[in-house]
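S.K.: Spelled out, the chains give:
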Amino acid sequence: MTQAQYKGTGSATGRTGSRYWRSKTAYLGVIPFLLVSGLFLLYPTWNVASGAFQNNNGKFSTSVLKEVFNSPVARHAFANSLEISAKTALAGAILGALFAWALVNGKQGGYFYRISVALSSVLAQFGGVMLTFAFLATFGFNGLIANIAVKYAPNTFLADASWLYGKFGISVLYTFFQIPLMVLVFLPTLENLKPQWREASDALGGKAYEYWLRIGIPILTPSFAGAALLLFVNSFSAYATAATLINLSDFLTPLQIATALTSETGGANPAEAKALSFYMVVVVVIAMTFYAMLRRRVSKWEQRR
Amino acid sequence: MKQSWGVRLWRWTIISIVGAYLLVPLYAMFDFSTKPFGFADKGRTFRAWSIIPSQPDLIAAVTRSLITAAIVMALILFLIVPTAIWVHLKLPALRRPFELLCLLPLAIPAIVIVVGIAPLYRWISIHLTESPISLAGVYSMLILPYTYRSLSAALDAVDIHTLAEAARTLGANTSRVIFGIIMPTIKTGIVNGSFIAIALVLGEYTISNILNYKTFQVVIAQIGRTNGNVAVAVSLASILFVLFLLLLIPTKKRRSEVLDVDLV
Chain A
4 MTQAQYKGTG
14 SATGRTGSRY
24 WRSKTAYLGV
34 IPFLLVSGLF
44 LLYPTWNVAS
54 GAFQNNNGKF
64 STSVLKEVFN
74 SPVARHAFAN
84 SLEISAKTAL
94 AGAILGALFA
104 WALVNGKQGG
114 YFYRISVALS
124 SVLAQFGGVM
134 LTFAFLATFG
144 FNGLIANIAV
154 KYAPNTFLAD
164 ASWLYGKFGI
174 SVLYTFFQIP
184 LMVLVFLPTL
194 ENLKPQWREA
204 SDALGGKAYE
214 YWLRIGIPIL
224 TPSFAGAALL
234 LFVNSFSAYA
244 TAATLINLSD
254 FLTPLQIATA
264 LTSETGGANP
274 AEAKALSFYM
284 VVVVVIAMTF
294 YAMLRRRVSK
304 WEQRR
Chain B
145 MKQSWGVRLW
155 RWTIISIVGA
165 YLLVPLYAMF
175 DFSTKPFGFA
185 DKGRTFRAWS
195 IIPSQPDLIA
205 AVTRSLITAA
215 IVMALILFLI
225 VPTAIWVHLK
235 LPALRRPFEL
245 LCLLPLAIPA
255 IVIVVGIAPL
265 YRWISIHLTE
275 SPISLAGVYS
285 MLILPYTYRS
295 LSAALDAVDI
305 HTLAEAARTL
315 GANTSRVIFG
325 IIMPTIKTGI
335 VNGSFIAIAL
345 VLGEYTISNI
355 LNYKTFQVVI
365 AQIGRTNGNV
375 AVAVSLASIL
385 FVLFLLLLIP
395 TKKRRSEVLD
405 VDLV
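The listed protein sequences derive, respectively, from chains A and B. Convert by adding 3 to the 1-based position in the first sequence; the result is the number in the working numbering. Convert by adding 144 to the 1-based position in the second sequence; the result is the number in the working numbering.
All the pointers check out, no bait thrown in.
Each computed EDC-like pair below joins lysine to aspartate or glutamate, with the alpha-carbon atoms no more than 20 Å apart:
#, chain 1, residue 1, chain 2, residue 2
1, A, Lys170, A, Glu86
2, A, Lys27, B, Glu309
3, B, Lys331, B, Asp303
4, A, Lys154, B, Asp175
5, B, Lys331, B, Asp300
6, B, Lys358, B, Asp201
By construction, these hints were calculated from the structure, which means they are not laboratory data.
Chain A extracted, bound-state conformation (with noise of 0.2 Å):
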């Protein structure tokens, strides 16, 4: 085969100046990949698109994504969704980036800092059935937390752990991994920021709220956002915590999703759960389509040191 290879690149082939052996036989060596990304990745992703416009007989149909549509349940379900993605997205971009700028201002390859972004990527990884345990162990019922503040402050909601099981209390359980998520998108942009604005800056007789005013907010405005419609997509997209804090399947649509997949009470329903699916792909790829406009705004002068 080898030798093949070598014959497709003589001149006679007309292609001088390539690099390198080339012919059509190199894209023989693409397809172990693509056996295997067209079996666990185009096959369910084409199973649930061409799902969403079937019913669940087969048939061609958009009756089910109407009727998803339509549905008051799943509506609440997707607004519920959209908004606590979208606050705890804003929080956690607002905190991780305070964070990460904090660190930038240390002493940067110290143990602080190196111990601090280790355990940041620990925990931008810590969802589901880990972190719900972390938090009823400080807020739940006989919770560090809520022991204290059922002592000394018994009248503040810390005191009632119910409000864990809401939309407040799951608001903070996704924000406790967006931070760590935040830091690591961002402290990358921060460390690219050029000291020479700043000097700049300085010399030309500006405060250090004008340097953050007119030149540090706007430049980072774009990578900001980048990162939060990340950090969107990041909660949007979870499952497992809220799956092992409340399992009420009209409360998110992920939830809601799960239940239409695996009820065993025979409502079953994979149409809907595809349509479902659908209407997520289409949530998530619109703020995916925005990330990759914003980045390629910043990657004029964000460039690798």
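With chain A held as given, fit chain B onto it using these hints.
M.R.: This is chain B only, laid out in the frame that chain A set:
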């Protein structure tokens, strides 16, 4: 560099607020896992920690999840990385489609992938195997965006065309070029990708729970229903384990290695 009072004050305010948010729940896990059992209402006990090794379900689940992680890493090493190099070297026309394919999982939440892949795993569990290890297939796709990013950064930093040409001139065959020449030069990218594989497989819950596979997280959730202290102890232990692994990888060295190759 001297910092002004304002900056220092701001810095420590932010660090203590955000730090408390992130660390108090972790400490609460420790506190909860060492709470006394039964009638004793004082003091600390490490009973929950000491009975971790005697949970057969848990040990089996950890073993399975680690095997799954190993298979995912093998898929990265022998399938995804060689394909990425192959496309870079020989099929420039496919670079864009390959990139799009690799980034596709970013646009599809795990919960949506489950919906699409449920029939496939139903088939696999009937005809091939019921073992959760078969989840390695879908896991290797879930981490594709992360693998691709660390790989493409590494591949862009090194002039692999020249390397490959030089190796060919000196008589190396194709597999030697890919596995013996190019892969060692981008090994940091590969190590990073493999590390994410462990973290992902140990932390994955959505797919395995809905498809009814008993992976690490699913078993922890089950234990949590009957024995909260033990489940919390296991969770904290696994977080510390992953953190420890991460701190082992030196960050400074890696950067200079890539640069060295770049200068060649």
